[in-house]
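*Asks:* Below, each chain spelled out in residue letters.
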Amino acid sequence: MTSTSERAEAFVSNRLPDDYFGASVVGPRHRAEGKPNEDSWLGARGAFGTLVVVSDGMGSRREARRGAQLACRAVLDAVRSWHKAGARDLDELLVRIEPVWCSLIAPSTARDCAATCLFALAHAHGQVHVAAIGDGLALLRTRRGLEWIVGPRSGGFANETAALGHSASWTSRSFPRAGGEVVVLATDGVADDLLPERIDGFVQWLMDDFAGMAPSQRWRALQRELRDWPTPHHTDDKTLVVLTQREAVLA
Amino acid sequence: MGWAKYLEDIVSRRNATSRVQAEIKQVAERRAPSKAAPKKTGDKAMSKLKEFTASSARPLPVLLLADVSGSMSTNGKIDALNDAVQEMLESFGGEDDSRAEIHVSVVTFGKDGAKVHQPLAPAAKVQWTRMTAAGGTPMGAAFDAATGMIEDRAQIPSRAYRPTIILVSDGQPTDEWQVPLKRLLGAERASKAARFAMGIGDDADEAMLSAFLATPEARVYRAHEARQIKQFFRWVTMSVTQRSRSANPDSVIAAEPTDLDDFNF
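Here the protein sequences line up with chains W and E, keeping their order. Under our numbering, residues 1055 to 1305 are what the first sequence spells out, in order. Under our numbering, residues 5 to 269 are what the second sequence spells out, in order.
These aren't lab readings, by the way, just hints derived from the structure by calculation. Remember, it's a predicted structure, so these values are computed and weren't measured experimentally. Glycine included, every Cβ here is placed at the ideal spot set by N, Cα and C. A few of these clues could be false.
Cβ-to-Cβ under 8 Å is the rule here; a few derived chain E residues that face chain W [claimed, not checked]: (1) 55; (2) 129; (3) 132; (4) 159; (5) 195.
Far from chain W, some chain E residues (derived; all Cβ distances over 12 Å) [to be verified]: (6) 53; (7) 131; (8) 230.
Chain W residues, not near chain E, derived (Cβ > 12 Å throughout) [as the list claims (entries may be wrong)]: (9) 1201; (10) 1228; (11) 1279.
From just these sequences and the hints, can you work out the full model?
*Replies:* Following this line, the structure appears as structure tokens:
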């Protein structure tokens, strides 16, 4: 027979939603040019579970900012329809995203709106899906350790990336949800300056110093960190999003 | 009695509910202790972010492949090359409006084969040692050295901007160069480098230098006098510094002079 305390533990566990937080700031280059932030991010909860998306509009493109914003919305729309349709496998979701994005950006072209797209979905059916087109950072921390889905750059140089609408293929992974997972997503403005060998400490710092804060305070604190980015001569817009999952407890 | 039982039931229900509520509150507080007492963070002086991020700007590597064969010792060519490289290093080192840190390496090819005369380092920190000219023109070995350096992520990290390779020669290669050049042009990273080439004197192999550039719109610059060597390097310096100051240092800005003499420095 379970004790009152165990029942309370289960009660809380089953009602605490997955948490997410993030922030995005315009980089020094765009600020100097009087341009807006071309990164975008979104967090949403629903019957499908919890979703976070980050997108980086490709700087040289005319409607990069709009492309990034609509990439986030396209993932949310695709996740909703995929979940309603039974959410059989991740590939089925991934093939929905690009057509939705193309319809949202119309009449603009994919070339003008090119944007990266990284998302993490803590699905209501008990899996964590992480997928990405383009550069940046997507990593999952479980009790077993860190799992890189995107980054650090395996080849090439800074500012080289794939994007939505350019026949790029998705990099994706699905994990069974064991509880306590942390997913970190970031655009290349953050990812390229992080030291890969210190990434574990970076995730722990986010959890220790930010995860427990009240949302508005947390957003301000994270914005401040991104704005005061310590790498000299950094230029890019910066976006960082964290999805944390509650521990699974059996009642 | 029914009435007493009813009251007892109410009391016991209330007690049970209160107890459960208290337990829930305790568990919730344990789960999110900092919500009750949020940690102070975001204080610039206290930020730990520095521990997890690169402490230097993104490098913009410039790699010079310099011919130091015996023929370069004639007509003051090697002296002009040394002066031009020194001037270039001073210009790069003095750049303080840069979005990238310009790193320079010099690979020479001559009597001792291809060797790294100046390892890749920030231009501002380079103590220039003048090159001396003797021996043949083992350019193929220099191509392999360049490919090795650019493909090595420990030397040129992936956060670096696209490198620039400058090839300067006054003669024909004396070793097998076609396969090493093919390796350079086919390598994952080295193939993406911006390339400049200068032929010094009439003996320079223009066809080979064009093959190195590998793009129809790029052209080989010819220098017939020592001052033109300096002019070429001033032009390359300007192209690289413009890149390092530009919004996107990966875009190669090269104001194409039709003739180096027409280009007013």
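*Asks:* Which hints from the list above does the structure break, by number from lowest to highest?
*Replies:* 2, 3, 4, 5, 6, 11
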